[in-house]
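Throw the hints in and build the complete structure from the sequences for me.
Protein chains: 2
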Amino acid sequence: MAQAPVPEIVVGRLPIYLRMLEFLKKEGKPITSSQELAERLGLSSAQIRKDLSYFGEFGKQGTGYNIDYLQRQLRQILHVDRVWDMLLVGAGDLGRALAHYQGFVPQGFRLVAIFDNAPKKIGTPVGNLVVLDIAELPRFVREKKIRVAILAVPAESASSVAAMLVESGIQAILNYAPITLNVPSYVKVYHIDPVVGLQSMAYYL
Amino acid sequence: MAQAPVPEIVVGRLPIYLRMLEFLKKEGKPITSSQELAERLGLSSAQIRKDLSYFGEFGKQGTGYNIDYLQRQLRQILHVDRVWDMLLVGAGDLGRALAHYQGFVPQGFRLVAIFDNAPKKIGTPVGNLVVLDIAELPRFVREKKIRVAILAVPAESASSVAAMLVESGIQAILNYAPITLNVPSYVKVYHIDPVVGLQSMAYYL
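Protein chains in written order, with our numbering: chain A, 1 to 205; chain B, 1001 to 1205.
Honestly, the hints are just simulated from the structure, not real lab data. All C-beta atoms, glycine included, are put in the ideal place defined by N, C-alpha and C. A few of these clues could be false.
[To be verified] What the simulated footprint calls covered on chain A by chain B, stretch by stretch (three residues with Cβ under 8 Å from a Cβ of chain B suffice, anywhere in the stretch; the number is not a length): (1) 6 to 14; (2) 18 to 28; (3) 78 to 84.
[To be verified] Non-contacting residues of chain B with respect to chain A, defined by C-beta distances greater than 12 Å in every case (computed): (4) R1040; (5) S1045; (6) Q1061; (7) P1119.
Here's what the structure looks like:
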């Protein structure tokens, strides 16, 4: 019998569980429980147990979860028990902040190239990288078999850059541009939008 | 009879509907439907109708939603039919990118101050603002009655800055630091974490 697909919203919570497990580990804990995770994350423990049950049995009733083991399993489920090469388009303030961010590699992602179309930016250093001409992006993606990209360009150019990314073979786009991208359904887009966060909090003000 | 509280996940989708309505309006459309919104957003139309039904009746069967009207209603529901003053802590690359972002004011938020603790940054201009000493933050928040803050500081200092924000009277924090903040339950935190986005997409790679 075919397994039912896991709802996207459940998949979206796994990285949050993973982040909390790392946090608890730094506190020196070897074991946690769905109750502890629930309290720390503001979810219900039943929700957490249900989410994890899509993927198997990770703890025993009464003994909780071994943090190391659950981390390894979640990393495997999410395909981040390896490191994905990724590229970044846009060498503005935001692109530079992302290029300097130290948190990607430990979580399974390594920034290997940064592209821009501004002649005065091309060839300049950003962290350990040098900004490349966006005209070279398609060949770069194909040759290096890159699947993941971060889009940090202004709204006006986001659609055309996204089309170029998809055509070159990119399958996952972390989109910082304040615009909804139209991409084929096999391409995943995760939209990072500060306004969505601010507006959903304003409801409670 | 008391109304049931609206689930947070429903509230979290309203800003996404609002963003799509603006997008459709820019395309010149005066009217839309739950079917069109669903297709554009990758949701089901039943979900959209159910979400909106928490707040009232916004369209008639067969005639769809008047975009202007639904926008006004959603902005009112989310309390962004006004402009909230907000402050930013952290004048690094990310802080500067956020300070230059033009998309806040049209969506109900105006950045009125930027704080840092680094002597070489304090007093320097960022956009239209000048970086203030973080020691002045508590008085500033109380005097100006600020309720909303963006946290763009390194992980090491995020907890202590968050505590200072909460103690000063901040009730909504957009958190860019890669750490889960422990704040009282009346304070809302929206965590912007690129790793969560990347990892949830990696599941599908």
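Hint check results:
no., hint, result
1, 6 to 14, "holds (count 5)"
2, 18 to 28, "holds (count 4)"
3, 78 to 84, "holds (count 4)"
4, R1040, "7 Å, violated"
5, S1045, "17 Å, holds"
6, Q1061, "26 Å, holds"
7, P1119, "21 Å, holds"
When held up to the earlier numbered hints, the structure conflicts with hint 4 and nothing else.
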